[in-house]
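Chains as they are written, first to last, in numbering that gives the first Met the number 0: chain A, 0 to 258; chain B, 0 to 528.
Hints were generated in silico from the structure; no laboratory data involved. Heads up, the beta-carbon is just placed ideally off N, CA and C, and yes, glycines get one too. Any given hint might turn out to be false.
[What the hints assert, rightly or not] Computed footprint of chain A on chain B; a stretch qualifies when at least three of its residues, placed anywhere within it, have a C-beta under 8 Å from a C-beta of chain A:
# : segment
1 : 402-414
2 : 431-437
3 : 456-466
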Amino acid sequence: MPSPTPSQTCEVAAAPLARRSARWQPGLAARAGPVAHSEVFSSTNHAGGAAAALALALDDWRHAPRSEVRETQDRRAVLWVQTREAARLTGRPYRAGLPEELRHRVIHVLAEKPEDALFALEEGVRCREIAFVIGELSGNPRALDFTASRRLTLAAERHGVPLYLVRLAAQRDLSSARMRWEVACAPSAAPAWNAQAPGAPAWQAELFRARAHPPGSWLLDEEGGRLRAGRKREGEEESPDRDRTGGLQPRRRPRAAGR
Amino acid sequence: MSGGQGASCSAGAPPPRRILSIWLGALAMDRWQLAQEQAEDEPLVLIADTAHGPRIEAANAAGRAAGARPGMMLADARTLCPAIRTAPSDPAGDRALLEKLAEWAMRWGPWSALDPPDGLLVDVTAVAHLFGGEPRLLENVAAAFARRRLTIRSAIAPTAGAAWALAHFGAPNSILAPDEPDHERMPAPLAELPVAALRLDADVLTVLRRLGLKRLGELTTIGRDALQRRFRNRRSPAANPLIRLDQLLGRVPEPLLPVVPQQMPLVQRRLLEPIRHRPLLDRVLADLGEDMARELEGSAQGARRLELGLWRVDGEVVVRRLELAAATRDPAHICRLFAAKLDDVDAGFGIEMLRLRASWAEPLALEQQDLEAAAEQHGTSLAACIDRLSVRLGEGAVTRPVLHASHIPERAQRWQPPLAVQAPSQAELAFHQRPLKLLDRPERIAVLYATPDGYPQRFRWRGSVHDVARVEGPERIAPEWWRERGAARLRDYYRIEDGEGRRYWIYRQGLVGDGRGGLPDWYLQGLCA
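Given only the sequences and the hints, what does the whole structure look like? Please build it.
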């Protein structure tokens, strides 16, 4: 009776570890395909959660392998589902502020109840003419339990339509999402021509649970239409209290510093 | 309009255009008498209620002999003939009858058009020989209408305008021969007609009468430029005698809108035993869906709007409507959408008849069947997905943002049905940075500023304080003076970032000392990425 040798059991146990050991980085979708179901936790007083979810979705979408049989031009739509509560808290998508390639694609669904939003999300991931689905839910609704999230994950994996669920002001409850992020806004890099102006958006993203990657924390931003992930901004350690105000408050500085 | 007006019907030249005009001079009264099924010998008028009392719309022969005229107030007619009887007029019914007659009049030509309020136009180009010539054709028309007990006058002419003029004012059954186009001379039968034969507005007719122009022939004697100077309205043909004259003589085309009869696909099931339970209802609905799909497939159409009527034994009728994002004739999809709408139907003592009607159908080419099984394999189509969403979430829940021509940010975006055609629009200027999300209504913020005309140093929004670390602005957006009232204030928009990197779009409504209110308020409108 052949029994597994210790080395074999070691290999079996090590296989998920080896998969896990791959650190997350942008552009992984080129090798492994897009992540079927991600959750992005964020607070309600900024749009960083939705923006980071969009950035992650766009990164996966740009890098996802395209089959040759598909037509060269991707005309699929993007479904953006919000509950009325989420729309009240963080607003509705504004076409002129969306990324360029999404402006004509977005189809917005406004659901009164979380149950309706979950129905819309599931219908969205079942549709072959949708590139990806963005959902925004606030709080921890009773309808979004582990069973519901597993249902979403399975549907998304089966039909290959990624789902990015933004959880506004939510506890980290049980979920079967493949990647779970906690996103906050980060100060932006100063633009080259106007140091006082807000620059390209940046987010402090913490990957606190993922099936295929170890947890980690990154500073995400976009440059030239590509998502970048750095540990820290360059030059942050050298001058931690660097003058971020860009000379915005010149008159207050001397009094405060006593100079 | 066919250009060739040559009299010969040789193979090379197209046959000259012939239009038959039928004028049902007493349409309303004829219809009333047909409905009463007896001739009325007493004086009778049909009246419509106006702000100044009942007015006569139509009168029968006895009524006209007694002095009643259309357009007269009923009180005036009563003074002439106290015994006059009245009945309400029904313009909508008259119009419906006219539409039916237009369809029926296609027996004399390939297409017919309405000539409201009481006329019909039929294109009889090159068909007169089928009836034995144009005089025989007119006799046939007269006989057919006489059988329906409708009084008509008809005429045939090369243009719709000439046929109308001869039918109303010419000799009975007059025919204007297609002669060589002569731009200088008017055919003699037309020259004798009064100017009212030009289908002009009443005030234009008054002007022409005051000018002393009574016959059509007299219009051509005074020269075009004199008429052109006097009547400058080029937009409405009914206000310009020159345009009407050119249409009468065929110098400018006059497009006519043909009547195209359309059939509404309709299927129904009468049930031997009234049904009271849901599974049976679903079964019958599935059968109806199959029938409807077959019906639609026969005409190469797909349904956009469906109406399901459920007739109950006790006389109640329950109607459920369904609108689809794209034309479809997939029975499973239709049944699935209706199933969500049948949950609250009260069957009472039972449902004895079901009727499914496609009140709006669009052309749809033949395509692959069995979408439901395909959906399991390859996912649903976008139209099916949107149908399911809008049936469950309501009509306006699924929308697409589109640009609208406005400077005001909340007006610059509108929401429209997701599969509707997007109107072409100018994109937002590239150097205008807009926020990712816009609040449904701007939220007021309390602001601490260094100068009232500058940007804020610190503000309070939803109970927490934000320090402004970076700022760009102002971008000044003026109120739309052509739409808003005069006291609307301008907006100075700032893109800001607070100490923790949260980016917002805020504005100050108004300026200090702009004379449109006190100190300006600050609002937060957008959340940037």
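How the hints compare with the structure:
1. Here the segment 402-414 of chain B counts 5 residues with a CB under 8 Å from a CB of chain A, which clears the bar of 3, and the coverage holds.
2. Closer than 8 Å: that is the beta-carbon criterion, and the segment 431-437 of chain B has 7 residues meeting it against chain A, so the requirement of 3 holds.
3. Figure legend: the segment 456-466 of chain B, annotated as covered by chain A; annotation consistent (4 residues with Cβ-Cβ distances under 8 Å, at least 3 required).
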